[in-house]
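Peer 1: Chain residues, written in single-letter form:
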Amino acid sequence: MERESRIVMPGEQVSDKPERIGYAFVDKGRTYSTVVGLYSEGKLVPLEGPYEPLPDDMIVGIVSEVRFSGYSVDTNSAYAAFLSSREIRERYEMGDMIFARIQKTDETRSIELGEAKKLPEGRLVRVSAVKIPRIIGKKNSMVDMIRANTGCEVIAGRNGYVWITGKGDSNLAEKAIRMIEAQAHTHGLTDRVAAYLKSQKKA
Amino acid sequence: MESMNEIKRDTLGALISQGKRGDGRGMLDYRKINVQGGILQNPEGSAIVSIGKSQVMAGIKFDIAKPFPDRPKEGVLSTSADLLPLASHLFETGPPSDEAIELARVVDRGIRSANIIDLSSFYIDDEKVLAVYIDLFILDHDGNLIDTAALAAMGALLSARMPKVEEGKIIRGEFTGKVPIKEKVVTCTFGKLGDKAFLDPSLDEEKGMDCRLTLATTPGHLCAAQKGGWGAVSEKDLMELFDISLEKGKELRALLND
Amino acid sequence: MGGQGEKPALLVGGRRVDGRGVEDVRPLKIVARVLNDAEGSAYVEWGKNKVLAGVYGPRECIPRHDQSLYRAVVKCRYNMAPFSGAEEHGRSGPNRRSKEISKVIKEAFENVIISENFPKTEISIFVEVLQSDGGTRCAAVTAAAVALADAGIPMKDLIGAVAVCKIDGQMAVDPGKEEDNFGESDMPIAFSPRTGDVLLFQMDGLLTREELARGLELARKASMKIREAQMEAIRKVYDEPKEDRFLLIG
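Residue numbers (the numbering used here), protein chains in the order written: chain A, 1 to 203; chain G, 1 to 258; chain B, 1 to 250.
No lab work stands behind these hints: they were computed from the structure. A couple of the hints might just be wrong.
Below, in silico cross-link-like pairs of lysine-lysine (BS3-like), each with a Cα-Cα straight-line distance of 25 Å or less [said to hold, decoys possible]:
(1) B:K236 to G:K53
(2) B:K177 to B:K7
(3) B:K242 to A:K175
(4) G:K207 to A:K118
(5) G:K207 to A:K175
Okay, chain A solo, but in the shape it has when bound (with noise of 0.2 Å):
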């Protein structure tokens, strides 16, 4: 994302060759995105797009239905999640905030979860799932930097559910989050979020 890279739109060409990019598509040897998207060597980055689950995605999930055998989890995605007991040691509720491992998707795009850990109470802000690595930032610093600075935990889902948690300034944390998702393509993203936290700190 640093380096020098053009916005593509849905249809635009980004190599005459063919060539297996993900979000784009080969038509008459030429290859087009599918997306609207950050191009650059090679690699598409989308700028939007639904979630779409994949084996090992950590992900902030609701538990929607207690059943005989597990749960079935909310992911933010069109498709349904199930945990089984089996996964776990701890016993949840309904409407109970779980941080879960994606063991196995089928071709049916059914999740199975696993490695599951209850979450102590807070709030949920729903991001576009894309802009994720960004919240989380590198060596998870966007995350550690909203610690250290809110007071709050901020758990972010590969699925777009964000999950602040702990005693400090939720509020402040929230704002933080809508910002990187708003500024996720620009460059030097971290020193404004640093500056905006100091600012607001102060205040």
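Once you've looked at the hints, dock chains G and B against the given chain A.
Peer 2: For chains G and B alone, kept in the frame of chain A given last:
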């Protein structure tokens, strides 16, 4: 989704009991309000209003109609609301929901009972009067649609022009001046959770609160009211919120151009 | 072309009733991302047309018997506000005309949306005509395409639409209300600019072979301008990022 309500109620309850709100507002603060009037050319009147992330457009249209048999010398006022499916993932296509009907009727009652439009001036001839239609288009839903819609309706009425009528027909595109509006009716909607009341509930707050109270006022009078939701309000609440509504009403009226 | 009243002269000395030449498109303004809850949205002002589009999905397809195991189902609702017209107050809700328009718009987008990525889901396109001035279905397609791109729905192209008409025996692009009412022919067309394919095509009135060819040529030229405006609107979302989303009219 059902399971969200309990989470919202717990988190909201923890905040509200300390006199705080999720977005940092005071208990009696509105979110940011924008009002634009006279934005469309085809209808006689129009406005778009946003309160926070809620957005409502109102259109005013005149037609020739038959008067109601019990009011043969009066024009017809009709208000309706559409919760458009693009406004919220919670809204569906289809006939008006109970929520849309309640919304339109509350806005209508405020305007009607304060007599701010002189419907007797809409009389044309035997069996012929002007009908004024107020259509409320809900474009974005982030809570407190009633105040947003009421403000849009009022904004649209204040921008509305009287159509020229000749030989019992409306001459489209020609006008005889502004529609006379006697006063500005505004509504203040409060949420209640436990024993705490707060103005202008957001969608998150609506999901968690016990009940809602809307008070429509003119300067000095209450002119319509509606309680919604399972929770209760006390007489003391009503008296206090009435006073607050009169005060807050001044702020809202200041946003509406004459 | 059921116009009421006396037919005015629509073309005098190569100029149209509003002063345009036959190849001129009315002023077009597009703003992307104007709604908060919708996953993608766009607002289009085109002449006096004011059209709003919102997109949701892919989300669970309801009712389930509409579902496909192989792809997302595309749904579209085109609707006119009861206050949108210059004449009498309209009826709320869908009618035969709006249902037909919804169907042809949906089918145009089915061609470009990569729906195989999202089996069992639906992608919903909602278009509200807030003010109509002739050519609302073309404005609807143009707005919906931007809203879909804004939602990040993968598509093979950013499509746009424009109508051509025959006025006083000559072909002209982008008919306004009067030309719509009194013209001899009306032909709305949506193109895929990348391939040149025609994805929405309707016509009424009488056209010769030459007139049809001329109409297609005019529409194709105009559709390039429409694509420019669409791309500019999308770029602006990122050039000037905003946390507040409002619909600013005019």
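Peer 1: Against this structure, judge whether each hint is valid.
Peer 2: Tested hints:
no.	hint	verdict
1	B:K236 to G:K53	holds, 20 Å
2	B:K177 to B:K7	holds, 13 Å
3	B:K242 to A:K175	holds, 13 Å
4	G:K207 to A:K118	holds, 22 Å
5	G:K207 to A:K175	holds, 21 Å
Of the numbered hints stated above, none is contradicted by the structure.
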